[in-house]
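Chemist: Below are the chains, spelled out letter by letter.
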Amino acid sequence: MLVGLLIIVPLIAGLLVFGTKGKASHQFALGFSIVEFALSLAAFFQYHHNPASSELILNCTWVESLGIHFAVGLDALSVLMVLLTTFLVPLIILSSFKNEYEKPNAFYGLILIMQMALVGVFAANDGFLFYVFWELALIPIYFICLLWGGENRGAITFKFFVYTLLGSLFMLVGLIYVYSHTGVDTGIKSWALTDLYAAGKSLDINQQSFVFWCIFLAFGIKMPIFPLHTWQPDTYVNAPTQGTMLLSGIMLKMGTFGLIKWLLPLTPLALEKWGGLAIGLSVFGIIYASCIAIVQKDYKRLIAYSSIAHVGLIAAGILSCTQQGIQGGVMQMLAHGINVVGLFLIADILLRHTGTRDIDKLGGIRSMNGNFAVLFLIIMLGSVALPLTNGFVGEFLLINGVYQYSATVAAFAGLTVILGAVYMLRSYQNIMLGERKDSAIAFGSLDGTDKLVLYIVCFAVIAFGVYPKPLNDLAEEGTKIIMQNLK
Amino acid sequence: MKGLFILSGLGILAMLAEIFKFKKVLYPLVLIGIIVAYALGFTEWNANFNIPMFSNMIRFDNVALAFSGVILATSFFWFILANDYFEKDHITDHFALVLFALVGALMLTAFSNMTTLFLGIEILSIPMYVLAASRKRDLASNEAGFKYLIMGSFASGFLLFGIALIYGATGSFDLMAIRAYISHNGSELPAFFYAGVLLVLVAMLFKVSAAPFHFWAPDVYEGSPTVITALMSTIVKTAAFAAFMRLFLVTFGGVNETWGMILSVVIALSLVVSNITAAAQQSVKRMLAYSSISHAAFMLMAILANNRGMASVSAILYYSLAYSIGSIAAFTVVYHVSKEENGSSNLEAFNGLAKRHPLMAVCMTVAMLSLAGIPVTSGFFAKYFVFSLLIGTSFNWLIILAILTSAVGVYYYFKVIIAMYFKAPAKHDGITIDSSHAVLLLLTTLITIALGLVPNFVIEIFG
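For the protein sequence lines, the chains are E and X, in the order given. Quick note on my numbering: the first sequence kicks off at 4 and runs consecutively. Quick note on my numbering: the second sequence kicks off at 1151 and runs consecutively.
Hint data in this document are derived by calculation from the structure and do not stem from the laboratory. Keep in mind that a hint or two might mislead.
As the list claims (entries may be wrong) - Simulated DEER-style distance windows between Cβ atoms:
(1) E:K162 <-> X:I1300: 52 to 62 angstroms
(2) X:F1572 <-> E:L354: 20 to 30 angstroms
(3) X:L1593 <-> E:E105: 25 to 35 angstroms
(4) X:I1182 <-> E:T64: 36 to 46 angstroms
(5) X:L1596 <-> E:A410: 40 to 50 angstroms
(6) X:E1491 <-> E:R429: 53 to 63 angstroms
(7) E:L19 <-> X:D1239: 28 to 38 angstroms
(8) X:E1338 <-> E:I208: 19 to 29 angstroms
(9) X:H1334 <-> E:P230: 53 to 63 angstroms
(10) X:P1362 <-> E:A414: 54 to 64 angstroms
(11) E:I208 <-> X:E1491: 21 to 31 angstroms
(12) E:E105 <-> X:F1172: 48 to 58 angstroms
Unchecked claim - EDC-like, lysine to aspartate or glutamate: derived pairs with alpha carbons at most 20 angstroms apart:
(13) E:K192 <-> X:E1610
(14) X:K1286 <-> X:D1369
(15) X:K1573 <-> E:E105
(16) E:K26 <-> E:D450
(17) E:K364 <-> E:D441
(18) X:K1173 <-> X:D1234
(19) X:K1505 <-> E:E105
(20) E:K300 <-> E:E438
(21) X:K1573 <-> E:E154
(22) X:K1297 <-> X:D1234
(23) X:K1152 <-> X:D1234
To be verified - Covered stretches of chain E, as calculated for chain X (at least 3 residues, CB under 8 angstroms):
(24) 157-164
(25) 169-180
(26) 450-460
Note that CB positions come from ideal geometry on N, CA and C, so glycine has one too.
Excised from the complex, chain E in its bound form (with noise of 0.2 angstroms):
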């Protein structure tokens, strides 16, 4: 039942929202947004208590002749991504009260309806369920990036369009090939996820390959993995700070979990004998996303650059198929997560403070606010894995899961420690430190919703590096799991 309105909340405060006006859809928004945080951390607690509990849940049939169940639940993994999802929009909204956005009613709408079909794609227990959520949730970001992007905005978020759904049709056929293997035995063909486990574990190698490129190349494009990443730092760039902290914050992790759950239980034979190249493509991506991202003089581009990097880790993380790995993944995908959505902001204030996010034209921030100059600093260490701040425990572990799988790939990919902070720290050094730019003159004082967010962002960067065993026993618990289906 929870688990039910996890999913009907957003999309009725989204509709409600879109009958407000003026500033009262922005309250109305971050009211619901707030809610619906409070709602995962009921079906947190619950899971704690109880994870078979009825409440997480629902099970309806959708399309009785086909096999199509309307049929989500909250597992281990699903838990965490709901609760990083619900955590990030409220933070998101209320990053959002500084810019005047035209039309506020329709934005906030779609953030949440978005909002909505992101839990869906986190909750879904059925093939079909999870493909229509998946697709759902490209729609309102696809509006937010066109209506409210930046210039150039149609082409760039075009392109976006079409390679995410090029890679989400691809999917759906992949899909579409286990689910006609299901119920050899029945006669009953089922979209459940045991059972398309159980379809695509009896296929033979070749056809475990057909379906493991075609879903693969979904996820890669989602992430985005070397070399379907093209369209994202432009869309990153043009899209509204909104919209670019759900795709970087959120969407991305959709990728990332899609992997965990529907790609390595579906196809283990394909895994053993593709995997490598996957890797290798992510490992490259890790190193060739740093280069770039170390000569990048716009913030916003860097700080996306940095994203295909660190999901690279990720997805090698998770491709290795190691216990650490995985769970590796699972720490960093919420980690990075909270981080990038609070250097995005920074960008964003930035921005808004000093009309410019040119690198070179910056200087000497933190002469004006010292405030402003720790919480960039606190996110900023979390982001580049300092121990005891969020990132750490990922990556940390991410690396020791590759390490496991190969000790060549791992030294490759712990390049991306020392690149990360190579661009990260010279970043902060440029726009922060130094001799004070002109542009920083008029810096001044941070709004008060802005302050707010960054406080939150930092508490959670330190209080998660702190103290992760809560979420880091979830994410073992859903990787073990996995780990047992993988068999």
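Let chain E serve as the given structure and place chain X on it in line with the hints.
Modeler: Same frame as chain E, but now just chain X:
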């Protein structure tokens, strides 16, 4: 069956209306007639499954009734869309022509004999030739009618020739008899029988405007009055597919090696040609014409998967319903926009429609999403059913091609959405539309979404 009588009766009545001067009541009369015909269809459901009519010329089985249902429902919506069309001159002629075309369409859903097939096609086509040219003083309309006539007659010629050859080989016009003959004498059929099947195939491909037999379609679609284009791309298409399906799934199902390969090539060509050409169009009406070729290719894919029995039939049924409803909505918007812009349906005419008439923009968006096959609209399920029919057969490559071309499809459908929401309008004054059209738009949009949420009703209709 009763629907067929009612529509024929209405057609004759429409011709009498000029003489007896009851033109005014004709429009409501027709709407009521269609509703009654639709309702009577329910009483026949499961009832006369095996009762042949008129010496086994026509047989309204459940499949025929289901397709008639789609045609009648679409025609009801179409008559609401076309209310303007019946206000100027030649009202009664127009009514009669459309009604007779509908009679032909219904015959095509239910024929059980090659002669009824031919009759149905002619009864459907001849009024359409006239209607295409019904804007008498417009050169483009005349050209459309003329082209349609020439091409259509050619196709009919092919059809007749094919029927004659098949008759020569099997000694029968009856579909079931031909099917039985094929299954009994599969190995010793004469070569000219296969030639006959292929001629029939070509004729039907002409009628559904699949590439490379599609050249008439864009000109005819663009030149005809917009409402007639809507009629052609919905009702005529549904009827043609009902006939296509009956012929090739049922009658010629036994010789699918003969036509399967050719059909797959035709589908591939249609997908590529239509989507790439559609992407280059400036006129939305013409773009919809090309896109209709691509949708035809999708429906043909369902026919290609000919070993799936009723699954293919319900997939085609669902597809034609989804496509018809989506098209009616799209054409309603195109009709109003082009009226506003003195007949031009260029993409620029859609600029800023979201500001000028939000309802139309929203409904057009849903229609475009549905035609592009995005969940949870009906267009998505339509494509899904087709994919699931073909996956795992030897036609996997067609699915990959269909996906790639669908992405191109998204490009041109979304061009319209981008124009409506993103481009600045040339004129800022609002557009006013009839309240009946507003209701029509809302209704078709709701149906599009409802069909996407609960496809059960259609897909499980045959049990």
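Chemist: For each hint, tell me whether it holds in the structure or not.
Modeler: Here is what the structure says about each hint:
{"no.": "1", "hint": "E:K162 <-> X:I1300: 52 to 62 angstroms", "result": "43 angstroms, violated"}
{"no.": "2", "hint": "X:F1572 <-> E:L354: 20 to 30 angstroms", "result": "23 angstroms, holds"}
{"no.": "3", "hint": "X:L1593 <-> E:E105: 25 to 35 angstroms", "result": "30 angstroms, holds"}
{"no.": "4", "hint": "X:I1182 <-> E:T64: 36 to 46 angstroms", "result": "38 angstroms, holds"}
{"no.": "5", "hint": "X:L1596 <-> E:A410: 40 to 50 angstroms", "result": "60 angstroms, violated"}
{"no.": "6", "hint": "X:E1491 <-> E:R429: 53 to 63 angstroms", "result": "55 angstroms, holds"}
{"no.": "7", "hint": "E:L19 <-> X:D1239: 28 to 38 angstroms", "result": "50 angstroms, violated"}
{"no.": "8", "hint": "X:E1338 <-> E:I208: 19 to 29 angstroms", "result": "44 angstroms, violated"}
{"no.": "9", "hint": "X:H1334 <-> E:P230: 53 to 63 angstroms", "result": "57 angstroms, holds"}
{"no.": "10", "hint": "X:P1362 <-> E:A414: 54 to 64 angstroms", "result": "57 angstroms, holds"}
{"no.": "11", "hint": "E:I208 <-> X:E1491: 21 to 31 angstroms", "result": "58 angstroms, violated"}
{"no.": "12", "hint": "E:E105 <-> X:F1172: 48 to 58 angstroms", "result": "53 angstroms, holds"}
{"no.": "13", "hint": "E:K192 <-> X:E1610", "result": "15 angstroms, holds"}
{"no.": "14", "hint": "X:K1286 <-> X:D1369", "result": "16 angstroms, holds"}
{"no.": "15", "hint": "X:K1573 <-> E:E105", "result": "15 angstroms, holds"}
{"no.": "16", "hint": "E:K26 <-> E:D450", "result": "17 angstroms, holds"}
{"no.": "17", "hint": "E:K364 <-> E:D441", "result": "8 angstroms, holds"}
{"no.": "18", "hint": "X:K1173 <-> X:D1234", "result": "14 angstroms, holds"}
{"no.": "19", "hint": "X:K1505 <-> E:E105", "result": "13 angstroms, holds"}
{"no.": "20", "hint": "E:K300 <-> E:E438", "result": "18 angstroms, holds"}
{"no.": "21", "hint": "X:K1573 <-> E:E154", "result": "13 angstroms, holds"}
{"no.": "22", "hint": "X:K1297 <-> X:D1234", "result": "25 angstroms, violated"}
{"no.": "23", "hint": "X:K1152 <-> X:D1234", "result": "29 angstroms, violated"}
{"no.": "24", "hint": "157-164", "result": "holds (count 3)"}
{"no.": "25", "hint": "169-180", "result": "holds (count 7)"}
{"no.": "26", "hint": "450-460", "result": "violated (count 0)"}
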